[in-house]
Amino acid sequence: MTIVFERTKGLTDVETHYCPGCTHGIIHRLVGEAMVELGVLEKAIGVAPVGCSVFAYNYFNCDMHEAAHGRAPAVATGIKRVHPDKFVFTYQGDGDLASIGTAEIVHAAHRGEKISTIFVNNAIYGMTGGQMAPTTLVGQKATTAPGGRSEEHSGRPIRMSEMLATIHGAKFVERVAVNTPANIRKAKKAIIECFKVQLEGKGFGIVEVLSTCPTNWGMTAPEAMKWLEDNMIPYYPLGNFRRPEEAE
48 MTIVFERTKG LTDVETHYCP GCTHGIIHRL VGEAMVELGV LEKAIGVAPV
98 GCSVFAYNYF NCDMHEAAHG RAPAVATGIK RVHPDKFVFT YQGDGDLASI
148 GTAEIVHAAH RGEKISTIFV NNAIYGMTGG QMAPTTLVGQ KATTAPGGRS
198 EEHSGRPIRM SEMLATIHGA KFVERVAVNT PANIRKAKKA IIECFKVQLE
248 GKGFGIVEVL STCPTNWGMT APEAMKWLED NMIPYYPLGN FRRPEEAE
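Okay, so the sequence shown: first residue is 48 according to this note's numbering, each after it adds one.
Check the hints yourself; a few may be wrong.
No more than 25 angstroms apart at the CA atoms, straight line, and that leaves these computed lysine-lysine pairs for DSS-like [said to hold, decoys possible]: (1) K188 - K243; (2) K233 - K243; (3) K249 - K233; (4) K273 - K188; (5) K90 - K236.
Pair by pair, the computed Cβ-Cβ distance ranges are [claimed, not checked]: (6) E84 - G186: 35 to 45 angstroms; (7) R203 - K90: 33 to 43 angstroms; (8) R54 - H200: 43 to 53 angstroms; (9) R232 - H200: 21 to 31 angstroms; (10) Q178 - G72: 16 to 26 angstroms; (11) E209 - G176: 27 to 37 angstroms; (12) P193 - D132: 49 to 59 angstroms; (13) D277 - T49: 39 to 49 angstroms; (14) M174 - V61: 11 to 21 angstroms; (15) M48 - T213: 47 to 57 angstroms; (16) E53 - I280: 24 to 34 angstroms.
Note that these hints are calculated values from the structure, not bench results.
Since the model is a prediction, treat every value here as computed from it, not as a measurement.
Just so it is clear, CB atoms sit at the ideal spot from N, CA and C, and this is done for glycine as well.
Start from the sequences, fold in the hints, and give me the full structure.
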C-alpha cells in the first residue's frame, strides 16, 4: 500500500497532552515539517519555557532545552552564541512571551540575535487556568476578569508583532493563523521564511500564530475556530510586518 501521509520526522511518536481542539498540535507539525524540509533537524536546538508547551521536549524530534517562564529568548541567545552553527528556536505562548518575558523578547530582537521564535497567541493564560493575558481582547472573559477585560482598568491588548516590527534587529515579523487549511498553508510558508532568515545569518525572526483555547474560552472546538476568525483576526490582522530587505 502506498503511504500518502505520515507523521513528520520533525516530531516524535508521542501523543501530546494538549486539550481537544487546541491548535498547538498543528503548529508543532508545521515547525517539525519546516525543520525537515530545510535540512536543519539534526542541528536544531529548541527552547520551550513554562506554559502549555512546557512538555514540548517530548514532541519535537530534536535537542530541546527547558527555560524558566519567559526566559526562552535569553536561554536561546546563550545557546546560539556558544553554538553559532546550530539552528536555535524558541516556542512560546502569549502569557509567557508577552507578559513575564516581554523584556527578553524585546531585547533579543533589539540585539538582532540570530534565533527564531514561534509565538503562539491564544489570548489567554492556558496552562495556569485561564487568567487574563496581555493579549486578552477587550470584553473577553477570563478567570481574573469574569466580567470581561476592561480597557479602562487593563488597557488594550498588546500587539507584539507590530511592536517588534519597529525594532531594527528584527528582520522578519509575520502574524499567521491556523484556523483554516488555507491559513495553515500560509503559516507554514511564513515559518520556513522566518527560519531561512536565521540560516542566512540575517538576524532575529518571529512568527506569531493565532491559536485557539477551547477549554479556557469555554467553547467547543468549532466555536473556538469561529471566535478566532470573528474576534482575534480583526484585532490582530494577519500579514507580514517586516522582511530583511525592509529592515535596512
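Now the hints, each set against the structure:
{"no.": "1", "hint": "K188 - K243", "verdict": "violated, 38 angstroms"}
{"no.": "2", "hint": "K233 - K243", "verdict": "holds, 15 angstroms"}
{"no.": "3", "hint": "K249 - K233", "verdict": "holds, 22 angstroms"}
{"no.": "4", "hint": "K273 - K188", "verdict": "holds, 17 angstroms"}
{"no.": "5", "hint": "K90 - K236", "verdict": "holds, 21 angstroms"}
{"no.": "6", "hint": "E84 - G186: 35 to 45 angstroms", "verdict": "holds, 40 angstroms"}
{"no.": "7", "hint": "R203 - K90: 33 to 43 angstroms", "verdict": "holds, 41 angstroms"}
{"no.": "8", "hint": "R54 - H200: 43 to 53 angstroms", "verdict": "holds, 45 angstroms"}
{"no.": "9", "hint": "R232 - H200: 21 to 31 angstroms", "verdict": "violated, 39 angstroms"}
{"no.": "10", "hint": "Q178 - G72: 16 to 26 angstroms", "verdict": "holds, 23 angstroms"}
{"no.": "11", "hint": "E209 - G176: 27 to 37 angstroms", "verdict": "holds, 28 angstroms"}
{"no.": "12", "hint": "P193 - D132: 49 to 59 angstroms", "verdict": "holds, 50 angstroms"}
{"no.": "13", "hint": "D277 - T49: 39 to 49 angstroms", "verdict": "holds, 40 angstroms"}
{"no.": "14", "hint": "M174 - V61: 11 to 21 angstroms", "verdict": "holds, 18 angstroms"}
{"no.": "15", "hint": "M48 - T213: 47 to 57 angstroms", "verdict": "holds, 53 angstroms"}
{"no.": "16", "hint": "E53 - I280: 24 to 34 angstroms", "verdict": "holds, 31 angstroms"}
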